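Chemist: This is what each chain is made of:
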Amino acid sequence: MSAKDDLLALMRSSVIDGDAGRAEQLARDGLAAGLDPLEAIEKGYAAGIQEVGTLWEQGEYFLPELVAGAESMKRAMAVLGPALSASAREAGRLGRAVIGTIEGDIHDIGKNLVGAMLQAHGFEVVDLGADVQVDRFIDRAEAEGADLICASALLTTTLFNQKRLVERLRERNLRSRFKVLVGGAPANHAWAEAIGADGYGENALAAVRAAKKLLGRG
Amino acid sequence: MSVKIRILTPDPRTIETESGGPLSAALTNAGIPLNVYCGGRGLCGRCLVEIVEGRLRPPEMEERDLLNARQAPPGVRLACCIQVESDLAVRLVPEALLGEVQGLTEGILPSFAFDPPVKRLPFRLEPEEAAPPLLERCVAGRLKLPLDDLWERHSGPVLREAVRSPGDYTAVVFDNQVLLDVADGPGPGPAFGLAVDLGTTTAVVELVDLDRGLIAGRAVGPNRQARFGSDLISRIARAVRDRDDAEELRRAALDTLSALQARVCSDARVPAGAIYDIVVAGNTVMNHLLLGRPVRSLAESPFEADFLEMPPVEAVPWGFDVHRRAKLFLAPNIGSYIGGDITAGLVATGMLGRPGNALFIDLGTNGEIVLKRGEDVTAASTAAGPAFEGAGLSSGIAAVPGAVEAASWAGESLTLSVIGDRPATGICGSGYIDLLAAFLSRGLISTRGALNAAGGLITVAPAVAVSRQDVRALQLAVAAVRTGVALLLRRAGLAPSDLDVVYLAGAFGNRLNAANARRIGLLPAVDADRLRCAGNTSLAGARAMLLSRPARAEAARLASRIEHVSLASDPAFQDTYIRSLSFPESDAIDSIG
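Protein chains in written order, with this note's numbering: chain A, 1218 to 1435; chain B, 1090 to 1682.
What the hints contain is simulated information worked out from the structure, not anything from laboratory work. Just so you know, these numbers come straight off a predicted model, no measurement behind them. Cβ atoms here follow ideal geometry from the backbone N, Cα and C, with glycine treated the same way. Among the hints, erroneous ones may be present.
Claimed, not checked - A short list of chain B residues far from chain A (calculated; beta carbon distances all over 12 Å): (1) P1221; (2) D1465; (3) A1539.
What the hints assert, rightly or not - According to the in silico footprint, chain A covers these stretches of chain B (three or more CB under 8 Å from chain A): (4) 1316–1326; (5) 1668–1675.
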């Protein structure tokens, strides 16, 4: 195995182990050694985050490992991103998402996880925080030139506001401009379909898959 | 001037007191459990004492009437009617001493005075007193009730309806204020009250003898609101969406309590009409739904309650089948998600009345946490979920017969303790706590919660197992509580070792192992001798409020002392929560705080 393969394997395992400090250092080492940043991302870190996802789905990993993996990925990307060529950056760009917890609801751990995983998988993410008014979602999505609006609700009482979000997009004649992805404990596929959302993510990884599919990147 | 009181029987001793006060106060101050049911107001005739030596004034007419009604032998007096002016020698009368007031001693209750809001008091009417114009003034005077507009509206009509002739009567008085009932002679029997724990998942109704402070029976059953959803939020959603559903939810709560009341009253052979008082300890949402109050604001930011506290009301108009003038009191709520059940728990532990730092955790469908640091008290609620009530787990059941309630290693095999001593059919909360601790100690699960077992399943008995998903669900429940504890401690600038006492309350049954609860992170890392398994403090507190006016006053006071903290808006919440998801490395270290 070559030195390059060794380095890529170390990058992969830094994400799997959730060691953010090591992930960042390896990214610097890679650039210093002349490693192509796109290759470091694709064969090193992104492969690692895929493996984290697999371990999560097998039940081996839980939320802390998922968060640590996403954080490691983010730290490495902060080093590698600026080193990417313009064309590589454009090729690697999956899309831009505005994400937030819906009006009336302040629970944001699930939303934060989805945001981190979207980022780890190559999306640009604009996090609007919690208790986001329906119109603010839309205003910011317009301003950011987003492709995707992701709205989370943890309470059955605030879930209804996801429906209002879709209705409001229609009223403002912007429905076709954005894809809408909903999630949260009380939501499900049937709900997403009934309110006219484009997709639903049962958990952070499912949300990433749905987002990729919606933007034709799956 | 100091005087000596020699007590001759049952335990000879001499006490000293200042002259001028009532004998009853001298005796109770010296720790003698004299039954001063009426508060030493010369109304009940229970604090009998035999005077052997000493100069006393002869009894006044009221004392003579009470002594006659009790058929007291010569030499026996009422301690509260005697002013101590010189040395005395007395014999205590066994029937005038409080035995164990079970209702105030069961569980971990501190010593509240036996002083029930509902009291039965005897009175006598001479011929000229049994009719106007003397009737009302005489009775109000005997029972020391104020002749105010409460009398005009309530007490007067009750009295006029009941009294037809001179003779002996028994009055049922509420809070030294108002007449609830008047019966001929000694009356039909004791007055009873209901102590109610109205939980989201489970309800308990306890029948309490208010004359003697004894528990007459207890019934437990599922909350019938469950068909509208197992958690508070789905029930609120139903009530908000549909006015009929809100009414259905109110009826379901009432039906739950009525069925339990019927069962416990039938077992104890107590008629509904003998129940004069109800104290309900429920969370804020339960209290709102029981009274049909609006709940929408409880489920949306900024999460505000329609009401927090209210004075005792008439019980019958709210749908209860009890005496027609019985009272209903809800333990005051502290905030939108810290309810009367927690107020009751704090009354039951008495922890706010003692010096030092204390932590109270009530683990129900939600997990509520109260921290006392010196005089400052903060409280928070966490979405622990019903995992420790057995809900949502592959072998989870409530603490009922057939449930594994305790477990430990004996060599290479697990020793299980099953409720009802029968084959295990499931696992309850205390069983899961023991099993998690046992699996952690042998590396069968890692501190991160990964299960090292074939098939992702650890079988503990035929068809009873702990699965990978069960461990994950329990991790989430533990983490919610652990995060709340860590954040409240941090805000107060305290470490776990600064806590003088930690109470864990909840429906775990009797076998909760506090050291194991600490091992899995559910309790903070403090020495085992500071951990208290407090049982169902919601019920114990409700009972204390039935039996002690000071306990009820304490409930009203403490609810206003507590600052409600929203955990989710704490910037450290997410990071603390994620780190809390891993079990502690050992039970001596708390890596989270």
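Chemist: Looking at the structure, which of the earlier hints fail to hold?
Modeler: Of the numbered hints, just 3 does not hold.
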